[in-house]
Amino acid sequence: MIANLLQVKDLSVSYRGADAKLRQAVAGVSFEIARGEVLGLMGESGCGKTSAALALLGLLSDQQAQISGSVQFRGQELPSMDQCALRALRGAGISMVFQEPEIALNPVMRVGHQVAEVIHAHKRCSWKQCRAEAEAALARVGLPARQRIFSAYPHQLSGGQRQRVVLAQALACEPALVIADEPTASLDARSQSELLTLLRQLKRDSSIAILLISHTPEVQAFLADRLMVMADGRIVEQGPFEQLYRNPSHELTRAMLRTNSLADFARDLDLEMVT
Amino acid sequence: MIPAHSGPHANPSSNPSQPLLRVTGLCKQFVQRRNFSRQQFSVNAFENVTLQLFRGRTLALVGESGAGKSTLARCIALLERPSEGTIALDGTDLLALDTKGLFPIRRRIQLIFQDPASALNPQLTACETIAEPLAIQNVSTKKERHERALQLMDQVGLGPAAAQKRPFEFSGGQRQRLAIARALALEPDVLVLDESLSALDALNRDLILQLLADLQAVRSLAYLYVSHDLRLVSQFADEVVVMYQGRIVEQKKTRELFAHPAHFHTRELLATVHSVESILRERSA
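Going down the list, the protein sequences come from chains A and B. The letter at position 70 of the first sequence is residue 70 when you use this note's numbering, and the numbering goes up by one with no holes. Numbers in this note's numbering are just positions in the second sequence, counted from 1, shifted up by 1000.
Keep in mind that the hints were calculated from the coordinates and are not lab data. We put the CB at the ideal spot given by N, CA and C, even for glycine. One thing to keep in mind: the hints can contain errors.
Unchecked claim - Counterexamples of contact, computed for chain B against chain A with all Cβ distances above 12 Å:
#	residue
1	Gly1066
2	Leu1094
3	Pro1122
4	Glu1128
5	Ile1279
As the list claims (entries may be wrong) - Stretch by stretch, here's where chain A covers chain B in the computed footprint (C-beta under 8 Å, at least three residues):
#	region
6	1171-1183
7	1269-1277
What the hints assert, rightly or not - Derived contacts from chain B toward chain A, CB cut-off under 8 Å, selection only:
#	residue
8	Ser1065
9	Leu1079
10	Glu1080
11	Asp1201
12	Ala1202
13	His1228
14	Leu1280
The shape of chain A in the complex, shown without the other chains:
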């Protein structure tokens, strides 16, 4: 029997407002992710995608929000775990890739150290060993194992390189699940396709499961096995990507997956590139 890696049941998140009123951001969401599977998540901005992801990782405190429902990761119930156990899990079991590498990275630390730090937090090994592993982690995401990159500060790298560093951090401890929140939104077309190819390779080689949050249909088509569409904190539709793309049953799914196609005169171009 193949147990699901992550099983979410009836997850609800309500933020506490200034006047102690609750505002519901996620309203009873249920889904599961199998080992090595990519689950795409789409929805309009403000529909609760990021709130759901943060709640999964236990990154919302009691003061900020009220969370109910069950989140099971490898059979363990996450909401009932204490902070210490959660910290051990984050990064090693489930890790997150944020949208803006500029904000996710510490501007006054060399990037190599930032990757080594993650390893140091999870493994009982010397700093020297951690550094060596960090170098390997950076090499895995396609950054050359050169001193120039390892000892660079974030501002000295390009956007694509920075996003790779963030990815190296997330993958350093070989997590079973990566939550990627718009990983390619801030990249240009070339770095975007390089990063997507890389993610696909990682998925194939190390059977990492990915929860992929992105509102770009092409990105979802490239990676997602299944797709889930959210609106107003609820899931309106979920199923295999191709099925949703061909026969969307909900109006929003149709709208989210409709692409700005090339103008008519450029259609041939697309056909040419495939062949």
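Since the structure of chain A is already known, use the hints to place chain B on it.
Okay, now just chain B, sitting in the frame of chain A:
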């Protein structure tokens, strides 16, 4: 509906075959210094750029990141002074003017940024945000400015209920509408859009694209659209300029560019465009 252009500089007699904005031989150099060294060296953001913008037309500027697109857009929007070359609006050389002389010109060229969240002042309400440029340019009374702001909000599809809200209470798409309303407040002739649509989801992007097309039809605005999204460019632009390492390498009518891309970088850019269909075909293969 969007009312026709009625500003003080609406000039129906100006010849539509003449370019509204003419950029000739524009260069921008940044002088830098290595850490703690006295030695200076210069970096060329772009050099020898020549292009023309026409009333009611859209010119797209494409290229990979670091090609100098954004710096060029900022120079054209008069936020940065180019090192060489001329920018002429209706025949007036703008770079010959000093800060004071540029002040009345600034209302004719407006810029819309990529990320509306950081481009809007979080402390101002929607209404104050739109009225601010009018106040800076000292247009009409406070009461009239307020009415004008409400009118603009209506045009971009933000209801009167939104007038007293602050930026963080809006969704991404609504914020970008607010930024557009602010840019339109002074009834500009040229709108520079620096990746203004790429942060939006499909739904909001289509709505804003439609809004921009309507505005252009009624007010014959000239758009300079900076983007790396060739899909949008193919639908939206009349002409495309391709930049590579600070130079213009190709400049053609949109249809012509997509049919016969000449420069290798243009072909590289086109090769990154994949449709969902082609990706699915490739995956199942």
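Would the non-interface assignment of B:Gly1066 survive a Cβ cutoff of 12 Å against chain A? 7 Å, violated
Report holds or violated for the interface hint on B:Glu1080, using the least CB-CB distance to chain A and a cut-off of 8 Å. The hint is violated - B:Glu1080 has no Cβ within 8 Å of chain A, the shortest such distance being about 20 Å.
Proposed interface contact between B:Leu1079 and chain A, which counts if any beta carbon pair is under 8 Å: 21 Å, violated
With a cut-off of 8 Å, does the beta carbon of B:His1228 approach a beta carbon of chain A closely enough for the hint to hold? Status holds, d = 5 Å.
Supplied contact hint for B:Ser1065, tested at 8 Å Cβ to chain A: 4 Å, holds
According to the definition I'm using, a residue is off the interface if its beta carbon is farther than 12 Å from all beta carbons of the partner; does B:Pro1122 meet that for chain A? Answer for B:Pro1122: holds, closest chain A Cβ roughly 16 Å.
Report holds or violated for the interface hint on B:Leu1280, using the least CB-CB distance to chain A and a cut-off of 8 Å. The hint holds - B:Leu1280 has a Cβ within 8 Å of chain A, the shortest such distance being about 6 Å.
Assertion that chain A covers the region 1171-1183 of chain B - criterion: three or more residues, beta-carbon distance below 8 Å: This one holds; 3 residues, not fewer than the three required, reach chain A with a Cβ under 8 Å.
Taking a Cβ-Cβ distance under 8 Å as contact, does the region 1269-1277 of chain B have three or more residues in contact with chain A? Since 9 is at least three, the answer is holds.
Taking the minimum C-beta separation from B:Ile1279 to chain A, is that value above 12 Å? Violated: least Cβ distance 4 Å, not greater than 12 Å.
Min Cβ distance, B:Asp1201 to chain A: is it shorter than 8 Å? 4 Å, holds
Mind verifying the non-interface call on B:Glu1128? Its CB should be farther than 12 Å from each CB in chain A. Per Cβ check, B:Glu1128 is outside 12 Å of chain A; nearest 21 Å; holds.
Comparing the model with each earlier hint shows violations of hints 1, 5, 9 and 10; every other hint is respected.
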